[in-house]
Amino acid sequence: MTDKTEPQTLYEKVWADHVVKTYDNGTDLLYVDRHLVQEVSSPQAFKGLKQAGRPMHRPDAHISVADHAVPTQGRGHPLREGLAASQVARLYENAREYGVPYIPMQDRRHGIVHVIGPELAFTLPGVVLVCGDSHTCTHGAFGAIAFGIGASECECVFATQVLRQQRQKTMRIRLEGVRPEGVEVKDMILAVIAEIGIGGGVGHAIEYAGSAVRDLSMEQRMTLCNMSIEAGSRIGMVAPDEKTFAYLEGRPLAPKGADWEAALDYWRSLPSDPDAVFDREVVIDVSTLSPFVSWGTTPEECAPIAGTVPDPSDVEDEGRRARMQRSVEYMGLTPGMALSDLTVDRVFIGSCTNGRIEDLRQAAEVVAGRKVSPGIDAMVVPGSAAVRAQAESEGLDKIFVEAGFSWRASGCSMCVGMNDDRLTPGQRCASTSNRNFEGRQGIGGRTHLMSPPMAAAAAIAGHLVDVRSLKKGAVE
Amino acid sequence: MKPFDTVTSVAAWIDEDAIDTDIIFPARFLLLLDKEGLGKHAFHERRNDPRQSTPFILDRPPYDKAEILVAAQDFGTGSSREQAVWALADFGLRCVIAESFGEIFFANCFKNGVLPVRLSPDDIAVVREAAQREELVTIDLPTQEVRLASGVVIGFEIEPYRKDALLNGLDEIGSIQRDDGADIAAFEEKQKRRAPWLYYSEEQLAHFNDLGEEILGEPTGKSG
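Going down the list, the protein sequences come from chains B and W.
Per the numbering used here, the very first residue in the first sequence carries number 6; after that it's consecutive.
Per the numbering used here, the very first residue in the second sequence carries number -1; after that it's consecutive.
Source of the hints: derived by calculation from the structure; they are not laboratory data.
Remember, predicted model here, so these are calculated numbers, not experimental data.
Among these hints, one or two may not hold up.
Mimicking DSSO-like on lysine-lysine, the simulated pairs with C-alpha atoms at most 30 Å apart in a straight line are [what the hints assert, rightly or not]:
1) W:K161 / W:K190
2) B:K174 / W:K63
3) W:K38 / B:K261
4) W:K63 / B:K55
5) W:K161 / B:K55
6) W:K63 / B:K26
7) B:K52 / W:K38
8) B:K26 / W:K38
9) W:K38 / B:K174
10) B:K376 / W:K190
11) W:K0 / B:K55
12) B:K174 / W:K188
13) W:K0 / B:K376
14) B:K248 / B:K26
15) B:K26 / B:K55
16) W:K161 / B:K261
17) B:K248 / W:K38
18) W:K0 / B:K52
19) B:K261 / B:K248
20) W:K188 / B:K26
Reference listing, derived: stretches of chain W covered by chain B, where coverage requires no fewer than 3 residues with Cβ under 8 Å from a Cβ of chain B [stated by the list, open to error]:
21) 62 to 75
22) 140 to 152
In this text, a Cβ means the ideal position worked out from N, Cα and C, and glycines have one as well.
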């Protein structure tokens, strides 16, 4: 299927197998196998389709679900009248009109698009998968080319199943070594972003490789790929391997029988050839990392938990200094203060970054037998109904509830301030989500990104804290 | 889509890196269902910041009529929300100049007749100074030039296909359907043979047979 004469990267192989045609100007017409549809980026796309009187090219290539706007409690009742209810209703009506499967809020298959895609095996190695959501890079964990698109491109996929695209350059980020205890995959990706910067991946498709990546579970690989967009790249991939296949086998939309065997043969041909050349290489030794927290309002503004708030006046570049000054002010910080001195008001464990079962297990391990610090509003929001059910079958919900956490239904929740779960102005939150932008979790809210164990530890300690010291029982 | 040729206007400026799409268009307004009329929500928090002593630049004459915005590094990073571009376009902006852009924002601009121009930090400083002097700035797409009142001319790069699309106000979907339909059909036939697992069987699709209805009407079931 692929041209074997020249060494190719994973990205180049999957790309080549989806080129419908190449135009004279060098752009490609790229075939899209899968499209996840949610309520925020689709209403205008459906409207455009309708206004132009265009049919949907291939309804079975899409799955729709409302995840951003939905409340995470009081489910089973109709949504309170308002904009969110209208948006969910609009998606439901559009999906019905065009024959696209729609997963209702109460369904056992409901969840954040980037959690349920893999759960259903809608996500597969070697596919091109898109969604009107920047965290679509999550699905690259399976060796798919998966990227976020705007609503106009969603409309184009509805109508044609293709996009006119230019092939990206390639970047390999090798993560080598063994993670020290307490260092999670979230710390690895925050370290990557701190290293290459929020624009470091622009124009590139990232492939994560190295011993520390091979060792990761599929869930951890999803966390890694999920935040590629935070490093500027729409695409982050991991080569499929036996773990990938074991995860997918038997899931509802996974190939069956002879198809499965044929697919396996193909998927095994996808990893980058040993002598493939990447346009850029980055190597990070994960054995030197420690748990990270973000202090500012971009994901690259993060530091080891033992660190301090940096001083903008140390920065020479004018734009950068202005940005950092604004971050420090917005976050209510003083340069030089210890990050572990920051007390929190809220704790959010969930999102398409860290709302999967392994994340919840890790957080529960920290929380077990302890109590949420008085006055802190802490919640756990499973990324999907399946994650919630699995957690409940393991008794994790009881651990969280007994500690004082609120146990919620699936959705994007407080990762994005467009549903009922939001910070109020000035509130400080330890969050397992992906963006610490101004206002991201609510107007004036202050977000600190971190791993699930670190967020759980912050809930117990009442302030940002190195989870490793909490485990030793040394923290007040 | 509105074609883009040349634009001459005063330029507003924001000298700050990493203006993400949450700043450009805060998340709560994403609940709106249309793409029209979003300009009033652009930079909402910045425009309504009680701490600021002067109005936000886009609310200050002559910049409230600016069709050009001069930004810094990493403009439009983060969320894929096309609302960020719709809001800027609805506000009247036709061109954003920056050192670098978020990729999805960059792509979204071209779908809406907005030209994103990448310039070096030094060139941006020159344009920003002209903007601060309230001088007219011309963006000439056919010649790929930014021209200042002082006579300074700065060239910029743009991919030929994107330039064509903007100049012609191309309806991309219509163009694909008209010019590429047969290629798409041929590709699908080929793909069905070489990778049949990518096309669902009846059995697989049956997985969705028991999808219920969304609860939009009267209360039913128990809370969860």
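Checklist entry - Can the restraint linking K52 of chain B and K38 of chain W be considered satisfied, given a maximum Cα separation of 30 Å? => result Cα-Cα ~22 Å, so holds.
Checklist entry - Does the structure keep K26 of chain B and K38 of chain W at a Cα separation of 30 Å or less? => result violated, 41 Å
Item to check | Hinted pair K174 of chain B and K188 of chain W, Cα distance within 30 Å | outcome: holds, 27 Å
Checklist entry - Taking 30 Å as the top limit, are the C-alpha atoms of K38 of chain W and K261 of chain B close enough? => result Answer violated: K38 of chain W to K261 of chain B is near 52 Å, above 30 Å.
Checklist entry - Holds or violated: K248 of chain B with K38 of chain W, Cα cutoff 30 Å? => result It is violated: about 49 Å lies between the C-alpha atoms, which goes past 30 Å.
Item to check | Pair hint K174 of chain B and K63 of chain W, alpha-carbon separation not exceeding 30 Å | outcome: violated, 38 Å
Checklist entry - Given the hint that K188 of chain W pairs with K26 of chain B, does the C-alpha gap stay at or below 30 Å? => result holds, 13 Å
Next on the checklist: Check the hint pairing K0 of chain W with K55 of chain B against an upper bound of 30 Å on the C-alpha distance.
Outcome noted: holds, 20 Å
Item to check | Holds or violated: K161 of chain W to K261 of chain B, with C-alpha atoms at most 30 Å apart | outcome: violated, 46 Å
Checklist entry - Taking only the CA atoms, is the gap from K26 of chain B to K55 of chain B under or equal to 30 Å? => result holds, 27 Å
Checklist entry - Between K0 of chain W and K376 of chain B, is the straight-line Cα distance small enough, at 30 Å or below? => result violated, 58 Å
Item to check | Holds or violated: K261 of chain B to K248 of chain B, with C-alpha atoms at most 30 Å apart | outcome: holds, 18 Å
Hints 1, 2, 3, 4, 6, 8, 9, 10, 13, 14, 16, 17 and 22 from the list above are not met by this structure, while the remaining hints are.
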